[in-house]
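Residues per chain are reported as follows:
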Amino acid sequence: MSNSTQIIQAGLKKRYAKEKRFRLYGLISIIISFAFLLTLLTSIFSKGLPAFQQSYVKLDVELDAEVLGISRDSSENEIYSANYSKVIDNGLRTMFPGVTGRKQKRDLKNIVSTSADYTLRDKIIKNPALIGTKQSYWFLAKDDIDVFMKGNIDRNLPESDRRIKDYQLVWIDQLLAENRLEKRFNTVLFTNGDSREPEQAGLKGAIVGSIFTMLVTLLLSFPIAVAAAAYLEEFAPQNNRWVDMIEININNLAAVPSIVFGLLGLAVYINFFGVPRSTPLIGGLVLTLMTLPTIIIASRAAIKSVPPSIKEAAVGLGASRVQTLFHHTLPLAMPGILTGTIIGMAQALGETAPLLMIGMIAFVAEVPGSILDPATVMPVQIYLWSDSPERAFTERTSAAIMVLLGFLVTMNLVAILLRKKFEQRW
Amino acid sequence: MPTTTILITLIALLIFSYVIGRKRSIAVSSFQKGNKGQRNLHSLPSYYGYMVAIWAGIPALIVLALWSAFNSSIITSLTISGLPEAMQAESRDTLGLILNEVKNLADSGDIAAETDLVKKNAAEHYHRLQAISSLAKTAVVFVVALLGMIFAWRLIKPETRARNTVERVIRWSMIVCASIAILTTVGIVFSVLFESLRFFDAVPPSDFLFGTRWSPQTSIRADQVGSSGSFGAIPLFVGTLLISAIALIIAVPLGLLSAIYLSEYANPKFRSIAKPVLEILAGIPTVVYGFFAALTVAPFIRNMGESIGLSVASESALAAGLVMGIMIIPFVSSLSDDVLSAVPQAMRDGSYGMGATRSETIKQVVIPAALPGIVGGILLAASRAIGETMIVVMAAGLSAKLTINPLEAVTTVTVQIVTLLTGDQEFDSPKTLAAFALGLGLFVITLLLNIAALHIIRKYREQYE
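One line per chain: the protein sequences are D and F, in this order. Mind the numbering: the first sequence is residues 1 to 426 in this note's numbering, read in order. Mind the numbering: the second sequence is residues 1 to 465 in this note's numbering, read in order.
Each hint should be verified, as a subset may be incorrect.
[Claimed, not checked] On the chain D side, residues computed to face chain F include the following (Cβ under 8 Å):
#, residue
1, LYS14
2, TYR25
3, SER29
4, ARG155
5, LEU232
6, ASN252
7, LEU264
8, LEU404
[As the list claims (entries may be wrong)] Derived EDC-like pairs (lysine to aspartate or glutamate); straight-line CA-CA distance at most 16 Å:
#, chain 1, residue 1, chain 2, residue 2
9, F, LYS363, F, ASP349
10, F, LYS363, D, ASP166
11, D, LYS18, F, GLU360
It is worth saying that the hints were derived from the structure and are not from the lab. As the structure is a prediction and not an experimental result, all values here were calculated from the model. The beta carbon of each residue, even a glycine, is placed where N, CA and C say it ideally should be.
My request is simple: use the sequences and hints to build the entire structure.
Right, dumping it as structure tokens:
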């Protein structure tokens with residue numbers, strides 16, 4: 001064996017070990033990234049799942065006409081403003097007699113949510129014959145009771161460290177023993193708008209706001225992006241300075257921080273053109289500018305992949321270039337364009353920062369009815385809830401994130417399926 | 001008529017124009033003697049329809065858009081000029097307040113109940129102007145639409161080149177759509193620049209760029225304690241760089257090694273699963289990362305730090321940076337993956353032929369060859385980290401401390417923009433305008449990073465094409 005072969009062989013083992021180590025580093029970093037993803041998802045899901053259930057309390061209420069201050073022939077207006085609070089209070093007092101002290105009395109009232117009054121009101125408006133009878137109804141429980149029911153308050157802690165005091169525990173135990181306290185599927189989360197009270201807060205307003213905002217974004221960005229992409233791919237002259245500028249700008253806009261678009265929206269749309277703030281219209285206008293680059297880039301790739309032979313055949317048969325575009329190129333490129341559009345929409349749906357600048361962060365309890373009503377969107381709702389101090393909002397925030405992720409996963413799945421189904425290789 | 005109604009009526013009018021344009025072209029062609037049907041028409045009948053619709057629609061839409069855009073500012077200035085001289089001389093703030101009251105009064109529809117005679121008159125004036133404007137808008141838009149329609153209808157002859165007209169309009173509208181990208185950039189530059197210049201009138205640029213104290217609280221009264229806020233942006237930029245640096249320290253090695261493994265070692269099946277899973281990280285909304293950082297990571301890091309005797313702020317830069325790092329892993333990995341795959345196989349084969357192992361080939365041949373592309377990718381990731389907002393808004397602090405200790409709370413440029421611009425705004429206090437100056441700084445920095453990155457990547461691509 002020659003000398004150099006010996007040197008090489010002596011080092012071989014070390015080199016192979018190095019090779020293995022290097023490969024391992026790569027695998028480990030992938031595993032670490034996956035672990036991050038897994039931690040993120042489990043932390044959100046474990047916090048959010050309980051929020052899909054909500055505690056309800058069953059109360060016997062005496063719908064006494066005298067206490068309510070109305071009779072069976074009262075007008076709807078009178079029924080509307082009757083004293084339901086007192087009726088519920090009485091129901092609670094009869095169940096737990098002997099409660100004294102202002103704080104304890106207040107806490108007793110706080111077993112049920114403030115929405116109980118409205119629940120009762122709606123029932124009586126629907127059926128005034130109930131006045132004067134004794135009924136038992138399930139009412140939404142207050143958030144502290146709900147947090148306790150979900151096991152997030154430890155009853156073994158010293159009383160001073162607990163949100164629920166000893167006397168409240170006695171009430172809860174009694175309610176549980178009489179089967180008057182139970183958890184049910186949380187429909188409130190999907191049927192209510194936002195509220196300051198955690199147990200009454202729902203996502204409906206945010207979901208509807210998101211849908212309106214996405215509609216505005218889609219209606220504006222899709223035609224503009226497709227027209228821009230078609231122009232750049234099919235008509236733009238080569239080595240034209242204006243066209244070069246457009247391309248550079250599109251690439252740069254794709255990487256501009258989203259918050260800068262919020263500043264643009266505030267200064268140009270709101271202050272200059274006077275578009276009403278906090279509305280899905282202004283949100284959609286800002287998000288359009290953000291999603292345009294994404295859709296344009298995807299659409300250009302899709303248009304580019306249509307084989308030139310098809311276009312040449314069309315032109316050869318006497319079609320003009322515009323006709324070729326509308327009759328052949330665009331229909332063939334449509335699956336790719338739609339995939340890019342859905343991905344752009346998914347990005348826009350998760351965007352928060354620019355919307356904070358244009359007033360979509362305002363507290364809006366009502367569900368918006370049009371694109372000109374004040375509204376909020378899902379990611380901003382998540383931000384608002386995550387900022388609230390109440391313990392019960394934490395799980396609701398996680399639940400809202402789960403709903404948002406659900407929407408995003410669905411959109412991306414549709415995009416993938418679309419690509420799989422219609423993808424053509426020429 | 002409200003704008004939506006005008007639009008709907010206009011659309012109906014356009015459909016009508018299309019129909020009569022189409023009919024007219026057929027009628028015109030059949031009148032020619034000795035022809036078979038419509039043969040002597042230059043274009044298909046539908047193009048004549050489109051032509052009439054375009055003539056009816058586009059001028060009317062332009063008028064409508066311009067009217068809507070400038071309506072409110074013109075009416076406002078007319079209302080101001082209708083106010084008594086003494087009131088017009090008031091400062092902008094007071095005038096704005098008065099105007100708001102007048103507008104609210106006019107919108108409430110209860111002008112007669114107002115006791116203040118000046119306001120009552122102004123509100124009536126405003127109300128009248130609104131009504132006139134609305135009526136005039138409707139009239140002008142429809143007159144323009146009808147004139148366009150009649151003009152185009154009269155144009156229709158067999159030799160009219162309707163298709164060429166329609167296609168020219170289509171092409172021009174495509175150019176306009178493509179130019180929106182330029183308009184957006186111009187809009188961004190003007191909006192941040194204009195407000196920034198107003199800010200620099202109040203605060204000298206040198207104080208902003210080199211000052212080390214940031215406390216934008218300005219007082220309401222001039223004699224209040226701490227009445228002049230100080231706007232030294234150095235702590236903000238240091239905080240931004242600190243958090244971005246932490247993010248890059250995490251994302252670059254993890255992303256790069258993942259990309260190397262995926263492009264050089266992994267079998268196709270593993271790759272086809274692992275790559276999309278990694279990309280999920282890029283698809284998760286940033287507000288979710290922010291929530292995760294604030295609620296899970298920050299307390300975890302604080303408890304860890306306390307258990308080994310370190311004092312960690314509950315909004316430490318480390319937590320925000322760590323989570324931001326996770327977020328940008330897929331940016332680094334997918335960009336690096338692309339550039340690694342672009343390195344020609346012949347270079348690897350050459351290295352193997354000389355007896356090098358795979359890792360030696362990667363470290364000494366592939367990575368040096370792909371380095372410009374990788375650097376470009378890292379620059380893009382850095383620009384993404386600097387401009388990231390929600391994670392730092394939710395997980396980083398608000399107090400501007402000049403420190404590079406990752407365990408302390410720092411604040412960033414984006415956090416300050418959000419804090420300054422949410423809540424009540426008055427558009428002449430330096431406090432609000434400071435947000436635009438910060439936005440300008442952010443835009444310039446990220447723009448430079450992006451241009452550098454795109455330039456490097458393009459140069460690199462050309463090398464191997």
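Structure-based check of each hint:
1. LYS14: violated (11 Å)
2. TYR25: holds (5 Å)
3. SER29: holds (4 Å)
4. ARG155: violated (23 Å)
5. LEU232: holds (6 Å)
6. ASN252: holds (6 Å)
7. LEU264: holds (5 Å)
8. LEU404: OK, holds: LEU404(D) within 8 Å of chain F, min 7 Å.
9. LYS363(F) x ASP349(F): holds (14 Å)
10. LYS363(F) x ASP166(D): Roughly 66 Å separates the two Cα atoms, so the pair is violated.
11. LYS18(D) x GLU360(F): It holds: about 9 Å lies between the C-alpha atoms, which stays within 16 Å.
Of the numbered hints stated above, those contradicted by the structure are hints 1, 4 and 10, listed in ascending order.
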